[in-house]
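Student: Here's the letter readout for the chains.
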Amino acid sequence: MNKGRVRLAVLLALVAALSFVAVGARKVATKLAKDAAQKVYVPPGEYDEFYAFLSGGFNGQLSVVGLPSGRTLKNIAVFSVNPRNGYGFSPETKPLLMTSHGFVAWDDTHHPELSMTNGVPDGRWIFINANNTPRIARVDLKYMETAEIIEIPNSAGNHASSFVTYNTEYVTAGTRFSVPIPQRDIPIDQYKGNFKGTLSFIRVDPETGRMSLAFQILVPGYDYDLAHCGKGPSKDWCFFTSYNTEEAHTLLEINASQHDKDFIAAVNWKRAEECVKEGKYEVWNTPYAHNWYDEKKHMAFSEIVKEEKVIKPEQCPGVIYFLPTPKSPHGVDVSPDGRFIVGNGKLSATMAVFSFEKMLKAIEEKKFAGDAYGIPVLDYDSVVHHHVKNVCLGPLHTESDGKGYAYTTCFISSEIVKWKWETGEIVDRIPVYYSVGHLMIPGGDSAKPWGKYVLAMNKITKDRYLPTGPELNQSAQLIDITGDKMQLLLDFPTLGEPHYAQGIPASLIKDKQAKIYNLKENEHPYATKSEKEVKVVRKGNEVHVYMTAIRSHFVPDNIEGVKVGDTVYFHVTNLEQDWDIPHGFAVYGDDDPNILIMPGQTLTLVWKPEKPGVYPFYCTDFCSALHQEMQGYVRVSPADANPPMIWRGGGKEGKWIVE
Amino acid sequence: MTKVKMPLLGRVLVALSALVAISAFFFPLWHYYLEAPQYPEGLNMWIWLHKLTGQVYIINDLNHYVGFMAITEEMYWEFKVLPALTVILTLWGLWVAFTGSLRAFWWWFGYYILYALFGLVDFYYRLWQFGHTVDPHAPIRIEGYVPPMFGEKQFMNFLIRSEPGPGFYVLVGGFLVALLALIVTWQAGKARQKAAA
Numbered sequence: 185m186n187k188g189r190v191r192l193a194v195l196l197a198l199v200a201a202l203s204f205v206a207v208g209a210r211k212v213a214t215k216l217a218k219d220a221a222q223k224v225y226v227p228p229g230e231y232d233e234f235y236a237f238l239s240g241g242f243n244g245q246l247s248v249v250g251l252p253s254g255r256t257l258k259n260i261a262v263f264s265v266n267p268r269n270g271y272g273f274s275p276e277t278k279p280l281l282m283t284s285h286g287f288v289a290w291d292d293t294h295h296p297e298l299s300m301t302n303g304v305p306d307g308r309w310i311f312i313n314a315n316n317t318p319r320i321a322r323v324d325l326k327y328m329e330t331a332e333i334i335e336i337p338n339s340a341g342n343h344a345s346s347f348v349t350y351n352t353e354y355v356t357a358g359t360r361f362s363v364p365i366p367q368r369d370i371p372i373d374q375y376k377g378n379f380k381g382t383l384s385f386i387r388v389d390p391e392t393g394r395m396s397l398a399f400q401i402l403v404p405g406y407d408y409d410l411a412h413c414g415k416g417p418s419k420d421w422c423f424f425t426s427y428n429t430e431e432a433h434t435l436l437e438i439n440a441s442q443h444d445k446d447f448i449a450a451v452n453w454k455r456a457e458e459c460v461k462e463g464k465y466e467v468w469n470t471p472y473a474h475n476w477y478d479e480k481k482h483m484a485f486s487e488i489v490k491e492e493k494v495i496k497p498e499q500c501p502g503v504i505y506f507l508p509t510p511k512s513p514h515g516v517d518v519s520p521d522g523r524f525i526v527g528n529g530k531l532s533a534t535m536a537v538f539s540f541e542k543m544l545k546a547i548e549e550k551k552f553a554g555d556a557y558g559i560p561v562l563d564y565d566s567v568v569h570h571h572v573k574n575v576c577l578g579p580l581h582t583e584s585d586g587k588g589y590a591y592t593t594c595f596i597s598s599e600i601v602k603w604k605w606e607t608g609e610i611v612d613r614i615p616v617y618y619s620v621g622h623l624m625i626p627g628g629d630s631a632k633p634w635g636k637y638v639l640a641m642n643k644i645t646k647d648r649y650l651p652t653g654p655e656l657n658q659s660a661q662l663i664d665i666t667g668d669k670m671q672l673l674l675d676f677p678t679l680g681e682p683h684y685a686q687g688i689p690a691s692l693i694k695d696k697q698a699k700i701y702n703l704k705e706n707e708h709p710y711a712t713k714s715e716k717e718v719k720v721v722r723k724g725n726e727v728h729v730y731m732t733a734i735r736s737h738f739v740p741d742n743i744e745g746v747k748v749g750d751t752v753y754f755h756v757t758n759l760e761q762d763w764d765i766p767h768g769f770a771v772y773g774d775d776d777p778n779i780l781i782m783p784g785q786t787l788t789l790v791w792k793p794e795k796p797g798v799y800p801f802y803c804t805d806f807c808s809a810l811h812q813e814m815q816g817y818v819r820v821s822p823a824d825a826n827p828p829m830i831w832r833g834g835g836k837e838g839k840w841i842v843e
Numbered sequence: 060m061t062k063v064k065m066p067l068l069g070r071v072l073v074a075l076s077a078l079v080a081i082s083a084f085f086f087p088l089w090h091y092y093l094e095a096p097q098y099p100e101g102l103n104m105w106i107w108l109h110k111l112t113g114q115v116y117i118i119n120d121l122n123h124y125v126g127f128m129a130i131t132e133e134m135y136w137e138f139k140v141l142p143a144l145t146v147i148l149t150l151w152g153l154w155v156a157f158t159g160s161l162r163a164f165w166w167w168f169g170y171y172i173l174y175a176l177f178g179l180v181d182f183y184y185r186l187w188q189f190g191h192t193v194d195p196h197a198p199i200r201i202e203g204y205v206p207p208m209f210g211e212k213q214f215m216n217f218l219i220r221s222e223p224g225p226g227f228y229v230l231v232g233g234f235l236v237a238l239l240a241l242i243v244t245w246q247a248g249k250a251r252q253k254a255a256a
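Chains F and H are the protein sequences, given in the same order. Adding 184 to a residue's 1-based position in the first sequence gives its number in my numbering. Adding 59 to a residue's 1-based position in the second sequence gives its number in my numbering.
Quick caveat, the hints were computed from the structure, so don't treat them as lab data. Treat the hints with caution; some may be incorrect.
With a straight-line Cα cutoff of 35 Å, these simulated DSBU-like cross-link-like pairs (lysine-lysine) come out [said to hold, decoys possible]:
1) Lys110/H <-> Lys694/F
2) Lys836/F <-> Lys110/H
3) Lys110/H <-> Lys696/F
4) Lys719/F <-> Lys110/H
5) Lys212/H <-> Lys713/F
Required output: the full structure, derived from the provided sequences and hints.
Tutor: This is the structure:
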């Protein structure tokens, strides 16, 4: 047995023992706040104090949850299709999911982060990354819908993403699974030196939010895991953790756990901007998709961009430094004042807290311990501020309460530990059930946390709720952090697997929520803004139905003239202008899900009938007392038939327009 | 013999009244408020001299269940005539003030009374007509119904409240100023008669 295996065996034994202790001690350890029920009870008709946005991991979505109640308010499809409303199926939304690999309808969403002004969440947009096929999405917080998706070229495993700079100048992306860059066919065991990663900065337009890939920094082939950008004094920097500095390509579990220290990459993005200005970059041509939703046209567009600026660190000295960090660090978090950076070394019981001031000094005095592929490695002792000793087992992530305290999750020992940023003194700990991953304090990674609650997002649920077969929802726990002692308030199941979340006071968002789409401003090319404009148009084998929906009828609701072999486009405009009166539309035998059309919106359902017959369609959203009557029929004739091309509806009859 | 003219104060008051009347263009005359279990925030409709504002589109959509007519500005010629009558009221008033003609003043005052009566009676007639002109094929059939002109009235799931808006009070104010002009003019006349006697 080699040394590594012995170490691993000891660690696994420890994990097993501790899990056992944690589960066994649960009934004793669950100490609820006496007034827990009162603290999380939101009376009927009243609102939660905070919006929380939880990523959904493998469901590719973003959940909107109210806190402290834990009620799910909405689930936003981002990197996933949504049968609820046809997102990813309708021609209006499909372009959002285009990539250089074609239509990719699924991904693994991880780290939502709110846009910020002066380091404080401003409630305009929330960004979220796709880990599998590297992408970043922008969700508009007025509509709470996906507004834009940009693909990240020259990357794989987009995990160190999507973290936002102090004034939302940039959103980060980082390569977790280093790959040959640019991609090429080489043996996997030639990993070392040939595989690379990139740390990318996506520019965000301050007015429109529109994203564009500003530059990518080419870095050694480590696994870039998480990131956070600086604040205040450190606002021009972003920090990325890495593991697998061993550059292993197989059995990473062991082979990537050999070094006592891996790195935090400190990137000076202002310096990168200078290098771009001075032309110190290469132009590469890896194609990537850029997709956006036009809210006036109610339609998404996709384009392939074939140019990106790549900065090689040796051509731009001062853009990146490595901070040695114990051991395979996971999260990297910055204190609200921007002075401290903590590396949560998931295989170490000690956390290193770095001083930004010391880091700058060490850079100035060139206190380097060497270099890695030409990137200076800073001398550990010159940059460490202090160590949080014996913090716990498996520290992963840290958030702040704005009162000088940090809260760190510990996956292995299944707890949250509270400690002081300045001194590293541990002041409290609370067990969580079970194996907590991320945690979230509203604004807890910003310059101004609203330090009232911490939300623990746990990876293992087991016996917390009524069992539901082998597959269980993940579990979150809400903890009161207003007193000296953390107090557990609430358990609630979550959708997908939340990896990180963001929270913001409801007052900053709720009043600017869109209630309808203004029908007058609807510029959808197939919009039908009144029943007078209804028509059916045949263009060869395409049939375009310009349809309206209003309580409680469609116009037209009888369509004859469709033939087998036609593709029918139902362009349905919801004529309502009243809040919360959507209409749904589905047709018998269609292989796409229904479309759910918001008031004033136009959406399209595509249908390719295969057999002659008469097919009903209907409204799928219970819209009114006469909702059941909101139905209609399409007659489908054989391909060689010559049926009359007519429509009825709204007390009228019309003939098709044949183009 | 020179013609007897209005006293200066009376003329000023008539001018003032005329100007107050025209300012009614800037305020809604009447307000309808509808509340239902599904509409705790309420629906509003404001009737102006020359237009309709508020959630008329939504109210019309709801009205179709019981077969009420869709309310539109085009449906009512009053939205063209009332503004004209109001402009006449003001221009005529200003002319009266300018000339100070006693005779013209009496006519003008009479016109103001007729204008007000016409507005109120016509409004009530339109409400009655609205409630009695329903589509016989509507999904829900109702018997003759008149929306309230003043105060509250329950109709199906809606509580409907109707009340005069600021524009109405502006016109009432204008009329009161005209009345003041009348009193001043009348007293001046009396004083003149006394002096003559």
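Student: Decide, hint by hint, whether the structure agrees.
Tutor: Okay, the hints, checked on the actual structure:
{"no.": "1", "hint": "Lys110/H <-> Lys694/F", "in the structure": "holds (32 Å)"}
{"no.": "2", "hint": "Lys836/F <-> Lys110/H", "in the structure": "holds (30 Å)"}
{"no.": "3", "hint": "Lys110/H <-> Lys696/F", "in the structure": "holds (29 Å)"}
{"no.": "4", "hint": "Lys719/F <-> Lys110/H", "in the structure": "holds (31 Å)"}
{"no.": "5", "hint": "Lys212/H <-> Lys713/F", "in the structure": "holds (34 Å)"}
In terms of the numbered hints stated before, the structure departs from none.
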